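Work the whole structure out from these sequences, hints included.
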Amino acid sequence: MESIPKKQGVVDRMLSLRWLVIIAATLIIGATAFSLPTLTKDTSADAFIDPESPALIYKERVEKVFGLTDPIVVAVINKGGNGVFDTDNLALVESLTSKIEELKQVDPDRVVSLATENNIVGTPDGLIVEGFLDKKTEHFKGARGSTERASEIREAISEFPLYQGSLVGREGTATLIIAEILDEDDAQATYDAVVDIASQAVVPEGTEIHIAGEGAVAGYLSTYIDKDASRLNPLAGVIITIVLLLAFLSLRAAILPNVVVAATVLGSFGLMAASGTSFYVITNGLVVNLIGISVADSIHILSAYYSILRDDPDIDKKAAVKLAVSKMWRPVTLTSLTTIAGFLALSASSTMPPIQAFGLFGALGVALAWMYSLTLLPALLTIWPTKRIPLPFKSGLTRASFSERLMTSIGRTVLGAPKVVVGLSVVILTVAVFGAMQVVVDEDRIENFRPTEPVYMADKAINSTTDGIYNLDILVETQSAGGLYDPETLQRIEALQDYIETLPSVGGTTSIVDYVKQLHRSVNDGDAAFYTIPDNADLIAQLFFLYGASADPTDFEEEIDSDHRQALVRAQIKEGRYTNNKLLVPALEKYVKDVFNNETVKATVTGRVTVSYYWIQGIDQSTLFSILLSFVAVTLTAMLVFRSAISGLLAALPVGLAILLVYAVMGFTGIPLGVSTSMFAAIAIGLSIDFAIHALDRLREIGRTKGLDADALIDLYPETGRALFFNFVAVAGGFGVLMTSEVPPLVKFGGLVAVAVSVAFLASVTLLPALVTLFKPRALLAPKPKEKPNAFNHKPT
Amino acid sequence: MRLIISLLSMTCLALPAIAQDTLTGDEIVAQMNARDDGNYVTRGFSIELTDRSGKTRTEKTIAYRRYFGDEKRTIIFYTEPTRVRGTGFLTYDYADPAIDDDQWLYLPALRKVRRISASDRGDYFLGTDFTYEEIKKEQKIESEDYRFEAKGAEIIDGRELLIVEGTPLSDDISDELGLSHVVWRIDPEIWMSRKTDYYDQNGNHARTAILEGVETIDGYLTTTQIFVENHKTGHSSRITFLNTDYTTEVPESLFSQPRLRRGL
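Protein sequence lines, in the order shown, are assigned to chains Z and G. Read the first sequence against full-length UniProt numbering and you will find it ends at 797, with the numbers running on by one and no gaps. Read the second sequence against full-length UniProt numbering and you will find it ends at 264, with the numbers running on by one and no gaps.
Simulated from the structure, these hints should not be mistaken for lab results. No experiment lies behind these values; they were computed from the predicted model shown. Hints may contain errors.
[Unchecked claim] Subject to a maximum C-alpha distance of 30 Å in a straight line, what follows is the list of computed DSSO-like cross-link-like pairs (lysine-lysine):
| id | chain 1 | residue 1 | chain 2 | residue 2 |
| --- | --- | --- | --- | --- |
| 1 | Z | Lys64 | Z | Lys574 |
| 2 | G | Lys195 | G | Lys140 |
| 3 | G | Lys151 | Z | Lys136 |
| 4 | G | Lys55 | Z | Lys136 |
| 5 | Z | Lys517 | G | Lys72 |
| 6 | Z | Lys41 | Z | Lys227 |
| 7 | G | Lys55 | Z | Lys602 |
| 8 | Z | Lys590 | Z | Lys64 |
| 9 | Z | Lys135 | G | Lys232 |
| 10 | Z | Lys104 | G | Lys60 |
| 11 | G | Lys55 | Z | Lys104 |
| 12 | G | Lys112 | Z | Lys136 |
| 13 | Z | Lys136 | G | Lys137 |
| 14 | Z | Lys136 | G | Lys136 |
[Stated by the list, open to error] FRET-style restraints, in silico, Cβ to Cβ:
| id | chain 1 | residue 1 | chain 2 | residue 2 | range |
| --- | --- | --- | --- | --- | --- |
| 15 | Z | Ala481 | G | Tyr220 | 53 to 61 Å |
| 16 | Z | Asn536 | G | Tyr220 | 37 to 45 Å |
| 17 | G | Leu254 | Z | Glu171 | 46 to 54 Å |
| 18 | G | Thr58 | Z | Thr123 | 27 to 35 Å |
| 19 | Z | Lys602 | G | Thr58 | 20 to 28 Å |
| 20 | Z | Glu155 | G | Glu215 | 47 to 55 Å |
| 21 | G | Arg57 | Z | Gln438 | 54 to 62 Å |
Yeah, the Cβ is synthetic: ideal placement off N, Cα and C, and Gly gets one too.
Now the structure itself:
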């Protein structure tokens, strides 16, 4: 209490300059929000990965050398008798292909489908290379658009292993049109344009068109989340305003905290834009987070203000504000410091740029909320024209207030049977530990969508009818130009492909070797016995040359570089789950290292699947560390601000319980630990600590004046308890809004943070006082000149 | 007939330059097609292929061409790179566009001559960014493919070039050539297009071809270097013609499958 007079002096001066404070705050809000319009969005999956990560660097290199980007995949699926091999479906493929080629966001030469690819076939005296749907053909006798041609194409595909599973499903029920987007930033527009083309197509009976692929997902995700966030964020604001109105039944108490919220949110995102940081998918969660955090400070200050007015209705408005701020600056500052510590620890312990940004701008937001709550809010309170005491705080009526009665009865129950409370907590803790141990690490990007979303259904439909939509790439590098003519090297690649195909969920593999074998067979009258790698390097070189001479100069670009030194082996995977990738990537890397690599040829495992694997593996390995770091940071900060180890530990207790219960819920309900869920605990730490600190600060105040007996501790409940209750309702309500989201990760995020906040609130008003009254820690009592030996159990008289 | 064309072309070249402004597209194209390119020729091709990352690969060939009446036969042998040395292509190009060309390939490592499917005229020539049509026509234009329109003149590198735009006469021709339209910029001094823009069937600017070198060799106006860039793929090709010789007779017997097998 010794600091209050000094602080009052500061508060006094601040309030006497209130107009200056308001003007300065307005200027700061303007300055920080100034860059807001330049905020850019980045919904790509690559955004989550450390740009220096080797997996990402290799993937980008592969994209550069082989010209591969994340494609949009359009599937034409027909499960009827002839599958896709009928005139109508082939005509559909052709018209979709040509319309997609016309899109300006798409590289027309990098659209792959039955309408663009060549058949290679051997004849007794030569070789025919021609398009499946060409008008003028030699091998195909049926005219384009005839049933005969459709059957001939089916036959040709059955003789062309390279296209089986990749271009056409092995059952013949699906065929793909794969379009590469020129600029990934156009993913959204491209996806929309392709959807538009598909919706205008004449679709034969029994045929479905599905649109999927990384390019589609990225495009889809950005609108999906945007649409959702633009609905949810204002809704969170509305819910919190309603909570404020209910808590205080006062207009100013509903409006002024919203000013603080707006200033905080505008400032944080304005500075985010100014720093050139992108708005990532998960950044949407930060908006609600900041709303919840910034409103909490206001709730506690307003609660104190109205309590002061109630206790002394004749007090001058400015004096009341001064008293309220003097009383609350300490807990508000303490909670802000600990929350900042939690956010910074999250930022420091993560390797993913979006989470680093989340932690950093979360911490910044908390600081802004702290600043505005202690300056702008009091200044605005003093200039608010009325000094009406809202209904819940009117003397006489106050005891009838529902929330106060509720909190007080909780207090009586808890303080009446503290041992039961502690015992129950131990039971819950035990169950929670068991549940938390069931949590598995997993992530599947497609699970970001509801199963009823077209892109989700497309993913499942394509994976069930073809070799799979996810790509695992292996970059094979030889020492010199033409190194890939070496038969031994090609045999190594062939063996590598055979090995990959034994791994789980691998649908198939393709590489230049498949072309070499097809060509070798074709130049030998189509004899299947020659579907082999020639043992003559010159012949291999000449086969490459032959194909190059018969096709476009860039036809081979996706499989081999132009000087025939590097090749790409691509495996198609049916599953995008981390738990599956975990079985693939390390096994393949081991094979490459132990079996494949030698002095002349070296392979590197890369591609989207590998990048995803390393990304989630980072979560797998760093989450525990991240949580511990945040927890330790918060605990240490609490110890420092209370200048007591015991108080710090007490403050940390509800937080620890909250996190444990979040994990227990995840463990019991089967929610995996993934990209978004991995942050929950750290965010929960930042939010939960507030309850413990407000409760503890008040308990200490009571302890110092009245001691720590049950009778004294009941004082915790009517005011602080009530404020905590509305703090809890506001934050839980704000996050609870996320549960109505259409984006599954946001639903989980909202739900789990609501769980954490509830646990922290309940523990702070039950377990914490129960422990305090049972053990009566000295740190919460008034310092005594002389300690008695048994001070811990000493009851002050 | 070839003599008539030669005589005609000389007459045309003698026309005063002032008449150019009033020439129609068809007249300009007729001037181009009137150029005599000799009954037979021997020359080397040095083919430089550059991919989108700027990596360049060079191939070298020796090529022979001879007219058999209206029919044009070509044989090309690769000399570099070493691994494809001896690989040969033999083409019979019939005057009637309705009849497909015949093409044979010899792969020395396979020791077999293989007939390969006729290419569309709009297909790329031996892995370059030039089409078969462009290589075959040697700076001439198939007048039966297009409707020509003269579009005035443009000055490039100090030369006044006549602009002619060609639009395929039918969808079939457009399909076959893979083009929606072509813009030639013709130098009336030599009646060759110095810069040609090709637009694909979607109307996108697909390629630009530049005539980089022209010389008179053995009395014949001869292309010595051509370059083409594919705007869609970033790939480009340059062909330099070396040791062009119109005087040494190319024997008729050279254009046969046994000769293809025997190699250089």
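Verification of the supplied hints:
no., hint, result
1, Z:Lys64 to Z:Lys574, "holds, 25 Å"
2, G:Lys195 to G:Lys140, "holds, 13 Å"
3, G:Lys151 to Z:Lys136, "violated, 34 Å"
4, G:Lys55 to Z:Lys136, "violated, 34 Å"
5, Z:Lys517 to G:Lys72, "violated, 34 Å"
6, Z:Lys41 to Z:Lys227, "holds, 13 Å"
7, G:Lys55 to Z:Lys602, "holds, 21 Å"
8, Z:Lys590 to Z:Lys64, "holds, 26 Å"
9, Z:Lys135 to G:Lys232, "holds, 24 Å"
10, Z:Lys104 to G:Lys60, "violated, 37 Å"
11, G:Lys55 to Z:Lys104, "holds, 27 Å"
12, G:Lys112 to Z:Lys136, "holds, 26 Å"
13, Z:Lys136 to G:Lys137, "holds, 21 Å"
14, Z:Lys136 to G:Lys136, "holds, 20 Å"
15, Z:Ala481 to G:Tyr220: 53 to 61 Å, "violated, 37 Å"
16, Z:Asn536 to G:Tyr220: 37 to 45 Å, "holds, 42 Å"
17, G:Leu254 to Z:Glu171: 46 to 54 Å, "holds, 52 Å"
18, G:Thr58 to Z:Thr123: 27 to 35 Å, "holds, 32 Å"
19, Z:Lys602 to G:Thr58: 20 to 28 Å, "holds, 27 Å"
20, Z:Glu155 to G:Glu215: 47 to 55 Å, "holds, 52 Å"
21, G:Arg57 to Z:Gln438: 54 to 62 Å, "holds, 58 Å"
Hints 3, 4, 5, 10, 15 from the list above are not met by this structure, while the remaining hints are.
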